[in-house]
Amino acid sequence: MSNYYKELSVTLSELLSNRYPKIEPPPSGMNPLFLLLNIKPDLVGFAVLNGNLEGDYSNAFNKFREIYAVHSTDWADFDLTLVICVDKGQHDNEDFYENIERDPYFCRKFVIDISEEGDVKTALGHLPFIPLSPEKIIGLRPTITAQTLLMEHGVKSSLAKYLAVPHAKSSDGIISDVREGKLGDLTWDDIKEIGRKDGIPLEAKPKIRIKELEIHNFRAYKGKHKFNLDADLIVLYGANGLGKTSFFEAIDFICTGSEAKLDDKAGRDTKRIVNALKHLDVSRNESYVKTLISGNNGDCAIERRMDDTKNVSVDGQLFNRADILMSFSGLKDELIDIRIENFVRLFRATHLFGQDFQSLTSELHKKSRLSEEIVSRMLALQDYFEAIKKSKEILNKLEKEYEIKNAEITHLIVSLNEVEDEIKQLESSVKIIEQPELVQTIGMKLFDKIVQEKNLNIKKKPTEFNKNIVMGWRAGIEARCGAILKDLNVVENIASKIKDYYSKREELIKNRKEACNLKENITNLGKNIIEKRKYLDNINEDINKSVVEESNLRKKNDNLMWLLITKKEYTQTITTIEKENKTIRNINERLIKLIQEYEKSISDKKVVGDEIATKHSQIESLEKTAKNLAEFLTDVPEWINLNRLERELTDSLPKHEQAVEQAKKNMQSKLDELQTALNNQKESEEYVSILQKTQNELTTLLDNIEKYILTNNCPVCGTAHKSREELLERLKLQRGMRPDNLNEGIKKLSDADKNVLKIKSQFSDAEAILKNKKQEVEKKLNELAIIKQKLRNLIEKAVKLELPIAPESLHPIINAKKEKILNQIETKKKELKDLKLKLTKIEESIINFLKQKSGFEGELRVSESKKKQLSERLEVIKKESLARQVSLGEAEEIIQKEIESNKNIRDKLIKQIRMLRDKSQNLDSELTNISAEININTKELKRKEQKIKESVNFIEKVENSIKELNLDKNISEQKLLLRKENFKNELSRLRSLQNEITNFEIALDSAMLSAILNKAKQNSTYINKKIESLKKDQSQYKDLQVYFFSIKNKLQSIRNNSLKDYTKKYGPLASVIQGRLRTPYGFGKMNLRTEKGDIIIEVERGKWKSIPPSDYFSASQINIVALSLFLSASLTQTWSSFAPILLDDPVTHFDDLNAYSFIDLIRGLVLSEETGKGHQFIISTCEDRLFRLMKQKFSKMNGRAIFYAFKSIGEKGPVWSEEKY
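The sequence shown begins at 11 in the working numbering and counts up one residue at a time.
Keep in mind the hints are simulated off the structure, nothing from the lab.
What you are looking at is a predicted structure, and each value in this text was computed from that prediction instead of being measured.
Pairwise CB distance ranges (calculated):
id, residue 1, residue 2, range
1, G1220, E1193, 15 to 25 Å
2, I605, A826, 50 to 60 Å
3, R894, R1198, 20 to 30 Å
4, K1230, E882, 19 to 29 Å
5, G482, R999, 11 to 21 Å
6, K918, K16, 35 to 45 Å
7, T197, Q984, 56 to 66 Å
8, K131, N295, 55 to 65 Å
9, K131, K1048, 56 to 66 Å
10, K131, G1220, 48 to 58 Å
11, E900, R1198, 30 to 40 Å
12, G1220, E900, 51 to 61 Å
Note that the Cβ used here is the ideal one computed from N, Cα and C, for glycine as well.
Throw the hints in and build the complete structure from the sequences for me.
Set out below in structure tokens:
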């Protein structure tokens, strides 16, 4: 056990170094538990199983629960896991291990192999809390583009582009341009190493994350929808059709400018893509997606609009599609050698797992392989795929052209030979023309030869030979030659097949017999399978019943074992609760007594405090009285003086009052005089006013008269004057004169005014005297009032001080009284001191009471808390007992007996199950063998039937040919060859005869003979030139074949090396991920290999190492394989800094264990990286169960997860809300 602890603790410390694990052995007596691992939020127990698997497991499980019961409060927030370590080489019981891992009760459980053959690190790698890539696998480096590779080998840039870029130019167009020399000299530079830099670095870069996503009028979204994505994990939940996939499409759009499925469907049709991506109810200029990303350089706002999909606004600046994709990938400053289309595919292949990715893997579901085309898309090797495909097309077309040219040359050589023979014959015919007598002789010789041919119907001997007769001979021979050629072709065809014909007939009989036997064998095997399957179904039914019964017994025994263990805890808990209750009662009694004493001390303190306050008040009062006496003693002389002043003022006050009365009389006299003077003044003013008015009227009259003085005669009295001027002067004089009475009146008024002023002055003096007298009286009265107030104050003080109202005798009285008060003060101070001492003692006792009370209350809290925990534990036990359907009151002896009885029954059931499973496995093996035999026989039968069909077709064709010649179908090969030879001899004779006849016919026409000879010579020259041209073309085709073969081989070599790197690096990791997501029962690790550009996926099972999963896995298990392949590439790639990994509904149809495993996988990936700096997972699901599990699991991630629930589709698209957990 110690060896296990040492080995595992070292390995775990190494694997979990970045999570600071706490590794320790369990408390003593906890075997077979040997190690506890604490890496929050996981708490893991490790146990080893030895000889008794079931007993050891049950013991380990119960011990783990016992430890949890002790630490239940501290471990409440942990996720519990029990890891069972077993040597599977010695203890092979996969069914038992599978049942352990599928049991969800209390905690997650895992079984790992710790046999000597196994690798502990590898075994631990399948546990969810172990980091997925502890070896730090370096990401796959994408190769340079096919175009660049070809150019580095001397291929012209235009040709390299035509080969690597889809639709750039067809293979026919490339061949045409090459032959016309448009692509320059074609020389392949076959160097071994090419000095280049792969533009994409290996080192991982800081992650670029999405913080916000804002969708405007895009796909299902109408209006503005803004999502907060500032977390390590974002989960979208909702039924299908509520906008989750549109959410992922929005991210795809802002990153790449398009969407994966539409790229495949619409290709370069941008208008169709835009119309499909924008919301149907809005125009394209209203549709756009915005996002806020964060990286090393801070936050960055990005916006892509539907009316300009090729460009993106980054913080207000425009960038093109390639620049923004490189910016997202963290490659903005790198020189990337990759086409934008392939870059987009690579980006999606490593960041987006959705319906599009799964649709690409249809061949994975059918044939357990990823085709060359799909692999090229996944690994951004599409240009290699395109270039290889075009190279193959070009090679095939060059081969066909070469064969065509070769056939043409062969045909032309035959034609040339014929032309040369014709020339020789024509030259001999020229000699005949030169000797006319030979015509008859030659004609008769030719006729004799024709007559000898039995199959020519020419018997009449001509008397002369002319052109028409000869043409008739030639026509007859040509017709017969045609018939012979036809029959000869048939005979040659039959002759070439006659051996196969007879062998096919024998083979047909044999194959029909064998096919009949195979059918009979397949029928018998099928019947055998049906019988064995029925037997197997019965056995499996018995196994299922036994397993259910055994499982029920195991659960029952687990419950009873739990009861046996928990009963002690239950009894002990009840006893402890009673003990705590007694302690609580005792503490409460003591606390009540203490509180009573405390309240009495508080009351005493109040009484003494009141007494002290009273003493303080009395002392203050006495001290104040003494002070007042001392002060009053100084006031006594003033009191005597004030009495004297009061008497003096009282005596002088009447004299002053008399003076005031006299002043009043004087002022009244002056007032009367003033009134009289004012009356006189008024009368004078009235008199003067009347006189002045009369004078004014006279002046006005004189002014008016002046207007009428025109001569020296007065207009009023008629008196004549010396002149008019004199009259006017007299008028002016008259007007300026004032009457005497007016002058007297004015003088009188002036005297009256002076008299008034004089009397007013006298009146003012009298008034001032009166005022002064009154002020003197008031001053005396005020002085007297002040003195009286002071006297009253002194009297009040004397009264308060209990002194007599006799200031002359107060000195001795005050001194005596003061002495008495001082003595009283001294006495009161002594009493106050005693009271303070008494108060101090009371306060000390109160403090002691409080300390004792606090201690009692602390003890009470501890006891009550302990009681509460015990009560809660008691409730848990009771609920657990109800859930387990066991009685806590059952006696231990009965429980033990029932456990033993159940164990015996269970052992028998296990033996029975094993026996039945052995039978089932044997039957399954037999069925597998029979199925394999049926498959073999079926394949063989199909092969036989195909051979029979081929044989029948072949025989029918040959027999039809034999029938056409009216031959026996059993004709021998010798007879057939003889017939063939006869046809050839006859044809040869006729051809020779035909040539002679033709030459004879030509000889009959000398002009025609000369023309034909010239033409034949021209034909010979032309054919020779044509053959030379064709041989030149053929040589060019051969050179092109070598050139494009070099291109194809190099591209395939680079592509195959990339695939080998991929399978080598990612295969093991994909297998680990698939294992964590739960490999189907009985199957081992997953292996990847390459085959002709495809990637083949195989799984292991026992001795079988190459099983195709498509033949045995369900659709959901195949999806797990696809997801494993995707995650292996996404998690280890280092070319892109883009943190988000987008998983659109990745776990469709997962069972509970798969769902738990997926959640554990994602949680482990998130927790293994620093918050906000690792990968960012965005996952959607329509599974309510999975969503609830994720909320529960990720609730302990301290805000590192965000959940969105999509509820319905409304007028503005998806209706969603953030879910709290």
